[in-house]
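Peer 1: Going down the list, the sequences are from chains H and B. Under my numbering, the first sequence has 177 at position 177, and the numbering climbs by one with no breaks. Under my numbering, the second sequence has 380 at position 380, and the numbering climbs by one with no breaks.
Quick caveat, the hints were computed from the structure, so don't treat them as lab data. Keep in mind it's a predicted model, so treat the numbers as computed, not measured. Positions of the beta carbon are idealized from the N, C-alpha and C atoms, including for glycine. Hints may contain errors.
Said to hold, decoys possible - Estimated spans, in silico, between C-beta atoms of each pair:
#	chain 1	residue 1	chain 2	residue 2	range
1	B	Lys305	H	Asn10	33 to 39 angstroms
2	B	Arg265	H	Thr204	53 to 59 angstroms
3	H	Tyr182	B	Lys305	34 to 40 angstroms
4	B	Tyr307	H	Phe61	55 to 61 angstroms
5	B	Lys305	H	Ile199	21 to 27 angstroms
6	B	Tyr307	H	Asn129	33 to 39 angstroms
7	H	Tyr103	B	Val285	43 to 49 angstroms
8	B	Ile344	H	Asn138	30 to 36 angstroms
9	B	Lys330	H	Asn178	30 to 36 angstroms
10	B	Lys245	H	Lys157	38 to 44 angstroms
11	H	Asp169	B	Lys305	18 to 24 angstroms
12	B	Lys158	H	Lys157	45 to 51 angstroms
13	H	Thr52	B	Phe300	42 to 48 angstroms
14	B	Glu325	H	Phe61	39 to 45 angstroms
Said to hold, decoys possible - If the Cβ cut is set under 8 angstroms, some of the chain B residues that face chain H in the computed set are:
#	residue
15	Phe18
16	Ala311
17	Asp312
18	Lys330
19	Leu333
20	Met338
21	Tyr341
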Amino acid sequence: MVSNRRLLINSAIITTIIFLIGIFVGYQLDNLRTTDILDSLRQSELDAQSYTTEQEFFENFGGYNCELAQPKLTELSSRLGELGFNLVNYERKNIFKQRDYNYLLRKYFLEEIKTYTLFNRLRKECKLNNTLILYFFNPDDIESERQGRALDVLGKKYNGVSVFSINFDYNSDMMINNIKLYYNVTKTPTVVINNEDKIEGFITLEELEKILIL
Amino acid sequence: MEFVLIAISYISLFLTIFWLQVIYTKSDKLNKSKYLPHVSVVIPAYNEEETLGATLSSVLSLNYPKDKLEIIVVNDGSTDRTKEIVGKFKEARLISQKKSGKAAALNKGLEICSGELFVCLDADSYVERNALKNIVNYFSNDKMGAVICAIKVHKPRKFVEKLQWFEYIISAFARKLMARVDVLFMTPGAFSVYRADVIKKLGGFALNNLTEDFEMALRLHKNHYKVKIDTDSISYTTAPDTVDKLFKQRVRWYRGFIDNTIQYRNLFFNKKYGMLGTFQLPISVLTTFLALAAIFILGFRFFKKAYLFLADIVGMGLDYFKLYEFPSLKTVLGLDSMLWYPVIIGSLLILFIFYKAHRNVKESLKYKFTFVIYFLYYGLLHAGSFLTALFKESFKAKKKW
Chain H
1 MVSNRRLLIN
11 SAIITTIIFL
21 IGIFVGYQLD
31 NLRTTDILDS
41 LRQSELDAQS
51 YTTEQEFFEN
61 FGGYNCELAQ
71 PKLTELSSRL
81 GELGFNLVNY
91 ERKNIFKQRD
101 YNYLLRKYFL
111 EEIKTYTLFN
121 RLRKECKLNN
131 TLILYFFNPD
141 DIESERQGRA
151 LDVLGKKYNG
161 VSVFSINFDY
171 NSDMMINNIK
181 LYYNVTKTPT
191 VVINNEDKIE
201 GFITLEELEK
211 ILIL
Chain B
1 MEFVLIAISY
11 ISLFLTIFWL
21 QVIYTKSDKL
31 NKSKYLPHVS
41 VVIPAYNEEE
51 TLGATLSSVL
61 SLNYPKDKLE
71 IIVVNDGSTD
81 RTKEIVGKFK
91 EARLISQKKS
101 GKAAALNKGL
111 EICSGELFVC
121 LDADSYVERN
131 ALKNIVNYFS
141 NDKMGAVICA
151 IKVHKPRKFV
161 EKLQWFEYII
171 SAFARKLMAR
181 VDVLFMTPGA
191 FSVYRADVIK
201 KLGGFALNNL
211 TEDFEMALRL
221 HKNHYKVKID
231 TDSISYTTAP
241 DTVDKLFKQR
251 VRWYRGFIDN
261 TIQYRNLFFN
271 KKYGMLGTFQ
281 LPISVLTTFL
291 ALAAIFILGF
301 RFFKKAYLFL
311 ADIVGMGLDY
321 FKLYEFPSLK
331 TVLGLDSMLW
341 YPVIIGSLLI
351 LFIFYKAHRN
361 VKESLKYKFT
371 FVIYFLYYGL
381 LHAGSFLTAL
391 FKESFKAKKK
401 W
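Full structure from sequences and hints, please.
Peer 2: Here it is in structure tokens:
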């Protein structure tokens, strides 16, 4: 008969093997997540580059067309919104790739601010009716979680709404801090609509819709 | 929080694998002899008129020589028809006492019984025909202190009884595995057989103890006697049929567990008591607290998600469902592997254990809906009753049976 001591040792070995397999699965999932985010970021980067190149071309040779530019930026901001959702979602489940995520987050926020700036300029120059929302959130805050979903629904419900989300606690890039100072954001969630209305604290979908209609 | 969950997962998996291995170890061979000692069946009864008759009938139906069977009913101050019911069974002897509790009633029976073996049978339990004949074989070993049988819930009709049906099946299997490594430390009231002279020598059942059967099992171990289970022998118990009754019973059991664990703390980490002292008792306490921690952490996450879902539904109405998308690779990537991997592995192992537990007592899986509820939520009842018991023991609340 197998001794109890042997049973305990076997159990420890088998459990450790199963845990190691789990760690391996977790590591592979982390790899797939970072690859997925990186692919999307590269695509967004190319889209932004394509837009700015096109803009420079028309600025130089004349014939700038607002109708051509708007769908491009709308698509770009929508892709960035989806990317941001995945990035926050994946980062929470990340075990091994913190350094990679820090890099991806920084890259993402820069890309987002760049698109926000381009879109804002386009909005002014072409007198568009689009709504640009800058959303400051804290990933560990329940109200921010709710606000994020309300804004997601808003973006899906109305074509002309683009949401750009910024992690309030992200300190690795001075630019984010400067933007927080610029808009005087002190708490989360905070929503800035069209560079004019600033709403601090959770705001319901219904209230957001009312502001958009006004 | 994540670290606690990982630690809980590791320990749970370790224990599951340990017990899975025990399933496949060979048990000691039992010598089937013609040894048929004189046996005293003692039935403590307090207002059990509804079940006592059937309990006595089941004892009289035992496949065991009647001249070697002594039946004693100790009436613990009943105010119902107990006396009248016992009177219908001429083979049974009735002893009456003022209400003094189950342990005192058992001691009264122990005092006057003449059997070599002493059987404790609750007045709301029924035993299968061959149980005693199977069990006496174990007593050819001089160090055998007690042998219990597998318990099933008698005719479960209500949902609460069906929940306990699964619990008793799992318990029987767990006890079988525990007995294989000599760490079985409970002798429940629904047909436990003791060596009479041993428990007399040990001073009988402890008075003022909420779980005198658990205490007795620990005392047997402390005195280096063995406790085994024969899962081919079955007894049926009447289970609480409301959540309130069940909760009260579990609080009492947990209070007994806490009280006796403290009383027998010198067994813990004591090599003299083998696997019981160095493994089972410490693990029982550790897993109780780990299970509580797991329930709290997962419960907190669940309630947070439920709150967010409800708040979103109230705030957004049907628009909320615009967020839902068909599952894709991103859905899989979004899963929390630290949570789901152990949950999937653990669930598969637990389902396998459920399967083996049912086979152990020759049952097939029934009450499937109840099974799902049992699998997902029954732990909450244990957590609630354990916390209540802990609270009551901490403040030395009055003991109620």
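Peer 1: Against this structure, judge whether each hint is valid.
Peer 2: Outcome of the hint check:
1. Lys305(B) x Asn10(H): 33 to 39 angstroms: holds (38 angstroms)
2. Arg265(B) x Thr204(H): 53 to 59 angstroms: holds (56 angstroms)
3. Tyr182(H) x Lys305(B): 34 to 40 angstroms: With a Cβ separation near 35 angstroms, Tyr182(H) and Lys305(B) satisfy 34 to 40 angstroms, so the hint holds.
4. Tyr307(B) x Phe61(H): 55 to 61 angstroms: holds (57 angstroms)
5. Lys305(B) x Ile199(H): 21 to 27 angstroms: Given about 26 angstroms between the Cβ atoms, the range holds.
6. Tyr307(B) x Asn129(H): 33 to 39 angstroms: holds (36 angstroms)
7. Tyr103(H) x Val285(B): 43 to 49 angstroms: holds (46 angstroms)
8. Ile344(B) x Asn138(H): 30 to 36 angstroms: holds (31 angstroms)
9. Lys330(B) x Asn178(H): 30 to 36 angstroms: holds (32 angstroms)
10. Lys245(B) x Lys157(H): 38 to 44 angstroms: Violated - the Cβ-Cβ distance for Lys245(B) and Lys157(H), about 52 angstroms, lies outside 38 to 44 angstroms.
11. Asp169(H) x Lys305(B): 18 to 24 angstroms: Given range 18 to 24 angstroms: holds, Cβ gap about 22 angstroms.
12. Lys158(B) x Lys157(H): 45 to 51 angstroms: holds (48 angstroms)
13. Thr52(H) x Phe300(B): 42 to 48 angstroms: holds (47 angstroms)
14. Glu325(B) x Phe61(H): 39 to 45 angstroms: holds (42 angstroms)
15. Phe18: Holds, because the Cβ-Cβ distance from Phe18(B) to chain H comes to roughly 4 angstroms (cut-off 8 angstroms).
16. Ala311: Nearest chain H Cβ about 6 angstroms off; hint holds.
17. Asp312: holds (6 angstroms)
18. Lys330: Nearest chain H Cβ about 6 angstroms off; hint holds.
19. Leu333: Given a least distance of 5 angstroms, the restraint on Leu333(B) holds.
20. Met338: holds (7 angstroms)
21. Tyr341: holds (5 angstroms)
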